[in-house]
Amino acid sequence: VERKNYPALGDPVGPYVHAVEHHGFLFLSGLTAFGSPAQKGSVSEQAEAIFSQIASIARAERVGLDAIAKVTIFVTSLDDIGALRETLLRIYGTALPASSLVRVAGLFSPDLKIEVEAVLAVS
Amino acid sequence: VERKNYPALGDPVGPYVHAVEHHGFLFLSGLTAFGSPAQKGSVSEQAEAIFSQIASIARAERVGLDAIAKVTIFVTSLDDIGALRETLLRIYGTALPASSLVRVAGLFSPDLKIEVEAVLAVS
Amino acid sequence: VERKNYPALGDPVGPYVHAVEHHGFLFLSGLTAFGSPAQKGSVSEQAEAIFSQIASIARAERVGLDAIAKVTIFVTSLDDIGALRETLLRIYGTALPASSLVRVAGLFSPDLKIEVEAVLAVS
Numbered sequence: 001v002e003r004k005n006y007p008a009l010g011d012p013v014g015p016y017v018h019a020v021e022h023h024g025f026l027f028l029s030g031l032t033a034f035g036s037p038a039q040k041g042s043v044s045e046q047a048e049a050i051f052s053q054i055a056s057i058a059r060a061e062r063v064g065l066d067a068i069a070k071v072t073i074f075v076t077s078l079d080d081i082g083a084l085r086e087t088l089l090r091i092y093g094t095a096l097p098a099s100s101l102v103r104v105a106g107l108f109s110p111d112l113k114i115e116v117e118a119v120l121a122v123s
Numbered sequence: 001v002e003r004k005n006y007p008a009l010g011d012p013v014g015p016y017v018h019a020v021e022h023h024g025f026l027f028l029s030g031l032t033a034f035g036s037p038a039q040k041g042s043v044s045e046q047a048e049a050i051f052s053q054i055a056s057i058a059r060a061e062r063v064g065l066d067a068i069a070k071v072t073i074f075v076t077s078l079d080d081i082g083a084l085r086e087t088l089l090r091i092y093g094t095a096l097p098a099s100s101l102v103r104v105a106g107l108f109s110p111d112l113k114i115e116v117e118a119v120l121a122v123s
Numbered sequence: 001v002e003r004k005n006y007p008a009l010g011d012p013v014g015p016y017v018h019a020v021e022h023h024g025f026l027f028l029s030g031l032t033a034f035g036s037p038a039q040k041g042s043v044s045e046q047a048e049a050i051f052s053q054i055a056s057i058a059r060a061e062r063v064g065l066d067a068i069a070k071v072t073i074f075v076t077s078l079d080d081i082g083a084l085r086e087t088l089l090r091i092y093g094t095a096l097p098a099s100s101l102v103r104v105a106g107l108f109s110p111d112l113k114i115e116v117e118a119v120l121a122v123s
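Chains as they are written, first to last, in the working numbering: chain A, 1 to 123; chain B, 1 to 123; chain C, 1 to 123.
Simulated from the structure, these hints should not be mistaken for laboratory data.
All values reported here derive from a predicted model rather than from experimental measurement.
For each residue, glycine too, the CB sits at the ideal point set by N, CA and C.
Errors might be hidden in some of the hints.
[Stated by the list, open to error] Just so you have them, the derived chain C footprint on chain A, three or more residues with Cβ under 8 Å:
1. 6 to 16
2. 41 to 52
3. 57 to 63
[Claimed, not checked] A few chain B residues that don't get close to chain C, going by computed Cβ distances all over 10 Å:
4. K40
5. G41
6. S42
[What the hints assert, rightly or not] What follows is a list of derived Cβ distance ranges for each label pair:
7. C/H23 / A/A60: 19 to 29 Å
8. B/A8 / C/R59: 19 to 29 Å
9. C/H23 / A/A95: 42 to 52 Å
10. A/A55 / B/K40: 38 to 48 Å
11. C/A55 / A/A55: 29 to 39 Å
12. A/D79 / C/D11: 17 to 27 Å
13. A/D79 / B/G41: 19 to 29 Å
Could you build the full structure based on these sequences and the hints that come with them?
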């Protein structure tokens with residue numbers, strides 16, 4: 001396995017690395033908008049901040065967002081799911097991943113409305 | 001990566017495809033009983049509807065339910081877990097997968113009692 | 001796929017095996033402190049019990065804890081997350097995995113404060 005941190009994301013602040021690669025799969029840690037300007041924003045604004053981080057990981061790996069094979073989306077409310085879906089469709093374009101979405105009881109900061117974990121196919 | 005939709009499941013209604021394949025792994029999107037006759041049924045009835053969809057994906061991939069490597073089971077109540085376990089044992093037969101089960105705060109429709117995401121080993 | 005149970009963990013009590021291997025990835029079922037002396041302990045004590053099980057699986061597979069590629073951590077409270085992070089950092093040493101952490105609404109026993117699912121890179 002190869003452990004990877006990406007300078008564009010800032011240092012990990014906890015017991016994890018940004019991503020681990022094995023046999024062409026890149027497992028990303030759960031990403032949130034924490035520490036970004038969207039930290040107190042809507043679920044869609046937070047999703048934008050999260051996929052901006054995924055895009056910067058993808059660039060570092062010399063792949064595109066179409067390398068996203070699977071996402072698991074944890075939200076704290078289902079109220080703005082319609083808007084979130086629109087945002088995700090725009091971000092993904094035609095390269096849709098496999099996806100799950102569930103409402104959890106909480107994320108590590110009360111500001112956070114969404115956490116996304118992703119598996120990328122990098123080779 | 002290869003993105004896959006299965007006619008038997010109906011068109012995806014959101015920012016996802018039914019499944020994505022990479023290096024012999026097929027990552028399925030989270031499946032529910034939404035839109036099936038079991039949509040308002042018990043957790044076991046909903047589980048039957050979900051695994052019927054997984055079975056139809058497996059058939060399309062020319063594998064059996066024994067190709068299920070891992071499932072993550074999200075339930076909204078733990079009240080009928082005993083019955084759910086019986087149902088799953090009957091569905092799996094002797095080919096048990098690795099599995100996690102947690103109670104979440106909600107799924108995208110209040111009717112839903114269970115969402116299952118699965119990883120299949122297809123080659 | 002290869003289904004695996006480990007005598008050190010006791011027989012699985014439900015519709016699952018301890019782990020399934022495919023193409024060098026070992027998917028572990030969600031592990032908890034249920035049935036261990038830590039069953040009613042703090043989240044950190046329960047985490048110790050869980051990673052002791054993962055360590056025994058790793059030994060059986062002739063790898064170390066540095067084979068852990070990804071963990072998903074489900075907790076029922078965020079109150080003692082600081083202590084949990086310290087515990088995990090000590091367990092992992094320098095070999096940090098990719099990781100997600102969410103608070104769920106419940107685990108299958110009210111005693112349980114944490115469930116961990118892990119993916120190990122075994123070859």
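Hints versus structure:
Under a criterion of three residues with beta carbons nearer than 8 Å to beta carbons of chain C, the stated coverage of the segment 6 to 16 of chain A is upheld, 4 such residues being counted. Against chain C, the segment 41 to 52 of chain A contributes 0 residues with a C-beta closer than 8 Å to a partner C-beta. That does not satisfy the three-residue criterion, and the hint is violated. Counting residues of the segment 57 to 63 of chain A whose beta-carbon sits less than 8 Å from any beta-carbon of chain C gives 0, not enough to reach three: the coverage restraint is violated. Under the 10 Å C-beta cut-off, the non-interface status given to B/K40 relative to chain C holds; the minimum distance is some 21 Å.
Separation of B/G41 from chain C is adequate, the least Cβ-Cβ distance of about 19 Å exceeding the 10 Å criterion. At roughly 17 Å from the closest C-beta of chain C, the C-beta of B/S42 stays outside 10 Å, upholding its exclusion from the interface. As the Cβ distance of C/H23 to A/A60 is approximately 25 Å, the hint placing it in 19 to 29 Å holds. For the pair B/A8 and C/R59, the beta carbons lie near 43 Å from each other, so the given range of 19 to 29 Å is not met.
Taking the beta carbon of each, C/H23 and A/A95 are about 24 Å apart, not inside 42 to 52 Å as hinted. Between A/A55 and B/K40 the CB atoms are about 40 Å apart, so this pair conforms to the stated range of 38 to 48 Å. Distance hint check: the CB atoms of C/A55 and A/A55 are about 36 Å apart, consistent with the given range 29 to 39 Å. Between A/D79 and C/D11, the C-beta spacing of about 43 Å breaks the proposed range 17 to 27 Å.
For A/D79 paired with B/G41, a C-beta distance near 26 Å keeps the hint of 19 to 29 Å intact.
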